[in-house]
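Between the sequences and the hints, there should be enough to build the whole structure, so can you do that?
For the record, the sequence lines run as chains A and B. Residue 13 in my numbering sits at position 13 of the first sequence, with consecutive numbering throughout. Residue 557 in my numbering sits at position 557 of the second sequence, with consecutive numbering throughout.
It should be emphasised that the hints constitute simulated quantities derived from the structure, not laboratory data. Be aware that one or more of the hints could be misleading.
Partial chain B-side listing against chain A, Cβ under 7 Å, derived [stated by the list, open to error]: (1) 77; (2) 90; (3) 94; (4) 215; (5) 218; (6) 219; (7) 272; (8) 273; (9) 274; (10) 344.
For clarity, every value in this text was computed on a predicted model and none was experimentally measured. Cβ atoms here follow ideal geometry from the backbone N, Cα and C, with glycine treated the same way.
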Amino acid sequence: MIHHLRSALHILHEVLREIFDENAYQRYLARANATASRQSYSDFQREIEATRAQQPRCC
Amino acid sequence: MRGLGRALVWVAVSLVGAFALASIALNRGESINAMWFVLAAACTYALGYRFYSKFLAAKVLALNSMRATPAERLENGRDFVPTNKWVVFGHHFAAIAGPGPLVGPVLAAQFGYLPGTLWILAGAVFGGCVQDFVILLFSVRRDGKSLCQMAKEEIGKAGGLIAFVAVISIIVILLSVAALIVVNALRDSPWGVFTVAMTIPIALLMGLYLRFWRPGKVLETSALGFVLVMLAIFGGQWVSHSAGLSKIFSLGAPALAVLIIIYGFAASALPVWLLLAPRDYLSTFVKLGTIFLLALGILLVRPTLHMPALTRFVDGTGPVFAGNIFPFAFITIACGAISGFHSLISSGTTPKLVSRESDTRMVGYGAMLAESFVAIMAIIAASVVQPGTYFAVNSRPDVVGTTPAAVVATISSWGFPVNLQDMQTLANDVGEKSLYARTGGAPAFAIGMAHIFSSFLGGKAVMAVWYHFAIMFEALFILTVLDAGTRVGRFMLQDALGHFWAPLGRTSWYPSILITSALIVGLWGMFLWQGVRDPKAGVNSLWPLFGIANQLLATVAFCVATTIIIKMGKVKHVWATLIPLLWLVSVTFTASFQKIFHPNPAIGFLAHARKLASEVPAGAQRAADLPQLIFNDRLDAAVAGLLVICVAMILVESALEWARVLSGRKPAQVREAPFVNTRLATEAP
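Structure representation (structure tokens):
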């Protein structure tokens, strides 16, 4: 039971990290071989700006 | 033995579901508990998912888990990323769930709770979920191509052009109607205006916090933003009690409309990281939390619904919007049953995250079921309110009168008792001066939600806080749709105008940004202004137009899906998409025809224009407005006409393509990416 609960919470945490782009930032850091910093986050935001800005939000 | 056990479980689910549905449908003249709705929905969804989606997956679409998805083949750590199916499910649900499934069912509750409930359940299981599922899979098999690209490749160039017109139309009309709902909810409400206004500096602060103080800590920033929003809600109470501040934040509909138009332009032109992205994060945070809380509230409180199963307004004389159940109930409730807009999401980010074909069933079909349940919760929230109160809040002044005494007298005469004292008590409870003519659905939903929330968290003393929380939640939702939609529309316009003059197509060239932002804001701003000046409160004209545009997009999606299924050689299963397509065609054609040509001025745009032209203006202001009102009616008729022509063209284009393929004049060739064996099949899920 505790195992299932822990697993569910882990998935929920991962869902939230994906929705809120935290995983995308980690992937960016791995890809760019960079560490978390203002500069790398600014570069990441510039990269996702074009795609994010073209994503409609549903009605 | 295990097989028999399973079969018995599904027989039991079917029987419980049938009993719950019968209890809802056959209930007459008595209150009914919300748990019957939850039970009926849960059983319907379980059966739909277990049997119908499995049939679609196995027989119609032939899902193949051995086939590598674009997330695997084109993995780049940026757009194409193989992702756990539960994570994709959550991501997809967060993208498709918007204000639509909350507002549409509230408006359609004027027919009673039954038509909306049945349409939401049947429409989702046999229509909306099918659309989301098949478009997602077909996009996965085409390297994540968009609906417009698939329409162009599978149907023809005209298909792609119509899809483009449909997307632009739906964006413009959606944004205007969304803005109108916010205007109607915030009109003369200092508490609401203050709270919603504060979300702008809060989003800006979040943007700066993320950029300079805690880079990448989005969840932490969103939680902080949420705390600030809650403080703004409590602060709004103080503002509404302060004589000076209350005056500053009490704004009429025209002033609010102008402010929203300015906001839309600024949001489209400002850097994404500063306003759009943090507002999007904040909105998603509040959205997911509130939907979860509402589901929990309904389960804990088990509220009683007071709205009858059917009202007298099934005859088309409704005070919320005019028109018969068919087609208007099916136009009014789009999101939650079938929403064409979802096909843009299903062919957008999601197909680039799916790691196995088999996951598309849970993500596409399953997430739409979850959205459908949100719509059922909206029906429940609207129906826990006393019917007299529901109609006093939602009715158009041109039907029920402009003074409180006239409103309560008219609504009581319809058999829905309501009195001045009760309406004033409710307004005091929710911290408003008045709740009459708050059309658009948002305030009625907020009252229902506040009623449910205050029953299990805080009691009547905090009902005003919950009401304004609900208003803030809906406005935040809607303003996020507004700024994201304006920007998407801007990009689409830049893309199209770039064909005529290349510099206009450059998304980073500032003059192009300003021109296209002004164009797109001008378009939806014009419809918003029209809605604000409309004596029928705007929703009567704009919401059906939005529903028609949304269903038109669903028609395009089903045309694409049907064409691909025929080309796949699955003609005997083509009914799975053809029947919803024919249904949508009948709905959009009938609704468009009635909105343009119906002789009743309450329904038909042209009849209303004729009526206005023939009547003698009653005052100077009215005389000045008259030419504008007549123009608005004719413009709405032209837009409805354009939409129906688009439906006809895409149908003809698709039917010709089907005929060519079925007669053997054209080879049945689908434009899928080549088959590549997956590496993920042997890895842990």
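Hints, one by one, checked against the model:
1. 77: holds (4 Å)
2. 90: holds (3 Å)
3. 94: holds (5 Å)
4. 215: Residue 215(B) check passes; min Cβ-Cβ to chain A is 3 Å, inside 7 Å.
5. 218: Status holds, d = 4 Å.
6. 219: holds (5 Å)
7. 272: holds (5 Å)
8. 273: holds (5 Å)
9. 274: violated (10 Å)
10. 344: holds (6 Å)
The structure is inconsistent with hint 9 alone, although it conforms to all the rest.
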